[in-house]
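S.K.: Now for the letters of each chain:
2 protein chains.
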Amino acid sequence: MWVVLPQTYPTQDCSIARALEIVGERWTLLILRDAIFGARRFEEFQGGLGIARNVLTLRLERMCAEGLLERRPYSERPARFEYHPTAAARELGPVLFQLMKWGDRHDPSPGGAPMRARHRGCGGEVDFELACDRCGARLRYADLDFERRPDLPTSFRRGA
Amino acid sequence: MWVVLPQTYPTQDCSIARALEIVGERWTLLILRDAIFGARRFEEFQGGLGIARNVLTLRLERMCAEGLLERRPYSERPARFEYHPTAAARELGPVLFQLMKWGDRHDPSPGGAPMRARHRGCGGEVDFELACDRCGARLRYADLDFERRPDLPTSFRRGA
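These protein sequences, in sequence, are chains R and B. Residue 118 in the working numbering sits at position 118 of the first sequence, and the numbers go up by one each step. Residue 121 in the working numbering sits at position 121 of the second sequence, and the numbers go up by one each step.
Do not take every clue at face value.
[Unchecked claim] Counterexamples of contact, computed for chain B against chain R with all Cβ distances above 12 Å:
1. Glu-70
2. Tyr-74
3. Pro-78
4. Phe-81
5. Cys-122
6. Gly-124
[Unchecked claim] Between beta-carbon pairs, the in silico distance windows are:
7. R/Arg-134 / B/Phe-81: 43 to 49 Å
8. R/Pro-108 / B/Pro-110: 38 to 44 Å
9. B/Val-55 / R/Arg-62: 20 to 26 Å
10. B/Arg-80 / R/Pro-110: 38 to 44 Å
11. R/Pro-78 / B/Arg-116: 49 to 55 Å
12. B/Asp-133 / R/Thr-57: 41 to 47 Å
13. R/Glu-70 / B/Arg-116: 30 to 36 Å
14. R/Asp-127 / B/Arg-149: 29 to 35 Å
15. R/Leu-152 / B/Arg-116: 35 to 41 Å
Hints are computed from structural coordinates only; laboratory data are not their basis. No residue lacks a Cβ here, since even glycine has one placed at the ideal position from N, Cα and C.
Extracted from the complex, chain R is given alone in its bound form (with noise of 0.2 Å):
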């Protein structure tokens, strides 16, 4: 069941709800992880998520009107497209990453977690309010770096 929020909110001047009203949606936010971790092309968004092509097509289209996404040819004939993140869709990695550190926490993997952050160039894995737990600073995002489970593939198939 989906029900469309109200455009307007009356008694709701609330920037949650104004992101909401762009990112409210669970396939934005996994097309959006998929890009920020280098997914470009339409195969290689489709065959990660496991989405439905025509649904895909839709939701990439959005993005676009949306400034999420930049559409660049890769190819003349035929004609083909790479989706690329702009820096609007960038930024909302604090986001994914306070989403990663609440189901590590709340809904862990059976194996453990699936992503690990790491403080780059001193290998301390990263606490949800940016604490590198081996050296002890308080780091910026553009500090981190994110290290898949060895076992696992990546979330997204590259050059399918």
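Based on these hints, arrange chain B on the given structure of chain R.
M.R.: Relative to the frame of chain R, chain B by itself:
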């Protein structure tokens, strides 16, 4: 249009995907927002969100089943209940905070930020990496106070 995500992710052992199974819906996050800021009763959620009563009923039930809200009686005749955020729900605060910061930046309210995060006891404004712009300290989420823009009503109606 709403398509239910597959419940298993063969190539997707991912904490973001797992978290979105629980909170990947706009109403859920807006209900959590109001619960974290003090809404407890059906009418408070309903009045603030403008959500259809039957939709809200289903959402509250599901959020109780998922461990995000706890139902507590506050009246016997008639039987009436309050919905209290659990510890797991409060720990989604950082997700909401990051959505707020992103919304402030990318889809700003014409009247200025509807809510500001302040360093408790200092009054400085806090950025998305928890740095205080007055004293420069790097904070914890527990150090934040939230200040609603004075010309705005709260996002839910108390005691309705």
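S.K.: For every hint, state whether the structure bears it out.
M.R.: Here's how the hints hold up against the structure:
| no. | hint | verdict |
| --- | --- | --- |
| 1 | Glu-70 | holds (15 Å) |
| 2 | Tyr-74 | holds (24 Å) |
| 3 | Pro-78 | holds (27 Å) |
| 4 | Phe-81 | holds (22 Å) |
| 5 | Cys-122 | holds (16 Å) |
| 6 | Gly-124 | holds (16 Å) |
| 7 | R/Arg-134 / B/Phe-81: 43 to 49 Å | holds (46 Å) |
| 8 | R/Pro-108 / B/Pro-110: 38 to 44 Å | holds (42 Å) |
| 9 | B/Val-55 / R/Arg-62: 20 to 26 Å | holds (23 Å) |
| 10 | B/Arg-80 / R/Pro-110: 38 to 44 Å | holds (40 Å) |
| 11 | R/Pro-78 / B/Arg-116: 49 to 55 Å | holds (51 Å) |
| 12 | B/Asp-133 / R/Thr-57: 41 to 47 Å | holds (43 Å) |
| 13 | R/Glu-70 / B/Arg-116: 30 to 36 Å | holds (31 Å) |
| 14 | R/Asp-127 / B/Arg-149: 29 to 35 Å | holds (31 Å) |
| 15 | R/Leu-152 / B/Arg-116: 35 to 41 Å | holds (40 Å) |
Violated hints are absent here; each numbered hint is respected by the structure.
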